[in-house]
Amino acid sequence: MNDREWLEKWREYFLAWYDEGRVGEKAEEAAEFSKKYLDGGVVSVSGGKDSMVMLHIVVSGCRRDVPVFHWDHGPALMPREVENEITHNILAVAPSAKIIIKKYSLGNSEKAREDWRPWYREFFSTLRSLGYRHHLLGIRAEESSRREARGRVVRRKHWTEAHPIYHFTWRDVWAYIFKHNIPVPSTYYKYAKLLGWDKVRLVTFFDKEFEKYGTPQLDGVLMWRWRYEFHRA
Amino acid sequence: MQPLEVVFYLKTPLALGSPWIMFDSLLEYVKLREALGEKFFSLPSRAPLKKLDESLEIPLKKWRDIYIASASIFEPSDAGMYVFSYFKRGDFPFPSGRVRRGSGFFKDFYLKVVYTPVQRVRFYATGEPEEVRRLVSKVSSIGKERNIGFGFVKEVEVREVGYEWGLVRGGEAMRPIPVRYLKYYEDAAYMPYKPPYWSGESELCAVPFTRVELLE
Chain Z
330 MNDREWLEKW REYFLAWYDE GRVGEKAEEA AEFSKKYLDG GVVSVSGGKD
380 SMVMLHIVVS GCRRDVPVFH WDHGPALMPR EVENEITHNI LAVAPSAKII
430 IKKYSLGNSE KAREDWRPWY REFFSTLRSL GYRHHLLGIR AEESSRREAR
480 GRVVRRKHWT EAHPIYHFTW RDVWAYIFKH NIPVPSTYYK YAKLLGWDKV
530 RLVTFFDKEF EKYGTPQLDG VLMWRWRYEF HRA
Chain B
59 MQPLEVVFYL KTPLALGSPW IMFDSLLEYV KLREALGEKF FSLPSRAPLK
109 KLDESLEIPL KKWRDIYIAS ASIFEPSDAG MYVFSYFKRG DFPFPSGRVR
159 RGSGFFKDFY LKVVYTPVQR VRFYATGEPE EVRRLVSKVS SIGKERNIGF
209 GFVKEVEVRE VGYEWGLVRG GEAMRPIPVR YLKYYEDAAY MPYKPPYWSG
259 ESELCAVPFT RVELLE
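Chain order of the listed sequences is Z and B.
Under this note's numbering, the first residue of the first sequence is numbered 330, with each subsequent residue one higher.
Under this note's numbering, the first residue of the second sequence is numbered 59, with each subsequent residue one higher.
For the record, the hints were derived by calculation from the structure and aren't laboratory data.
Since we're looking at a predicted model, the values are computed, not measured.
Certain hints may be false.
Stated by the list, open to error - A few chain Z residues facing chain B, derived, Cβ under 10 angstroms:
#1 Leu524
#2 Gln546
#3 His560
We put the beta carbon where it would ideally sit given N, CA and C, even for glycine.
Hey, can you work out the whole structure from these sequences and the hints?
Structure below.
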């Protein structure tokens, strides 16, 4: 079976699941839930499948001109081809949105792959500096027991975190993507073929933070072309 | 120095950390193990290895600063790739008493190993046949995750051949070649082109098995 046939087969499966799993109803509920947090809120979009689904739900079901925050990890962690795809996808789904893109200051260096603590510091201080009261994130309960324990709404010190697609399963997410033709980075399909649709995630590439999950080793084989691409800069 | 064809016959599937295994890095690894003995396994960091690696002489011919040694050719070529997921507890004995397995030194790892069930791995190189034979006879396994049984070598064959395919074969690069050494290249990417390949140094190189034309 070639790649196109493989994808077509799965498309059929997910489209069937869209009806059977009542994904449309779940999406309507997620849109209703999101409305409460859009006043003074921002939709945080990594560009991954979950956040793109959330963005589409918010834009089509709530407000077209919603503020969208996207964090650019920099070339060492996110190849420029993938990053360009992400920004293009965000614009395609939310053309009227106010898009805020902030870039990681160490994202050009090998250090970004070795030590992720500065990333966390800079990322959270950036979120704080944006001054939004609500942050909508594409976190799902099914992803991990820790995420499930966080609940659908989390009160942080400086903002409230809301998770509109908290109850979506991986099937629901892919069904929504195929039903509404939501663009996601093409690396998903490459990884899904090896890992399975349930396990595929968009995370930073060649990142030591994910070494314990074996992700950099997968990247070495599937994304070899981008391992040193940031040296070009 | 003779053109050589080296074939590793495998007992178990081959796990990969990149799409290719480089023949010069295999020989360099064996030389390094010979030079360091047991110390190889207890170095404080990989930093001193780089200097030593660079000073080691391996029995291969060079063109400019590149060894004439190809990247791996997997056979059968349509074996496909698969992922093997497993928990790895570290390669050291657990001490008695309470051990934190969630973080720190004894942290459990959940690994995803990309492997390919190939039967043979073929290389082309130009070097000293006897010394190459001696070195490859010491290679009991190749690739990644050898500690859990991947890439075990059943037999290795070194043949002297009449063609030098370690660098270019029929107009195709057989290994990464810096584009500054090329008149023409079909595809290029930043990658290391000489051992130690793990050092993180890279240069814009022609991608193995794509069309190239060498500068005179």
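Going through the hints against the structure:
no., hint, in the structure
1, Leu524, "holds (6 angstroms)"
2, Gln546, "holds (6 angstroms)"
3, His560, "holds (5 angstroms)"
Every hint from the earlier list agrees with this structure, and none is contradicted.
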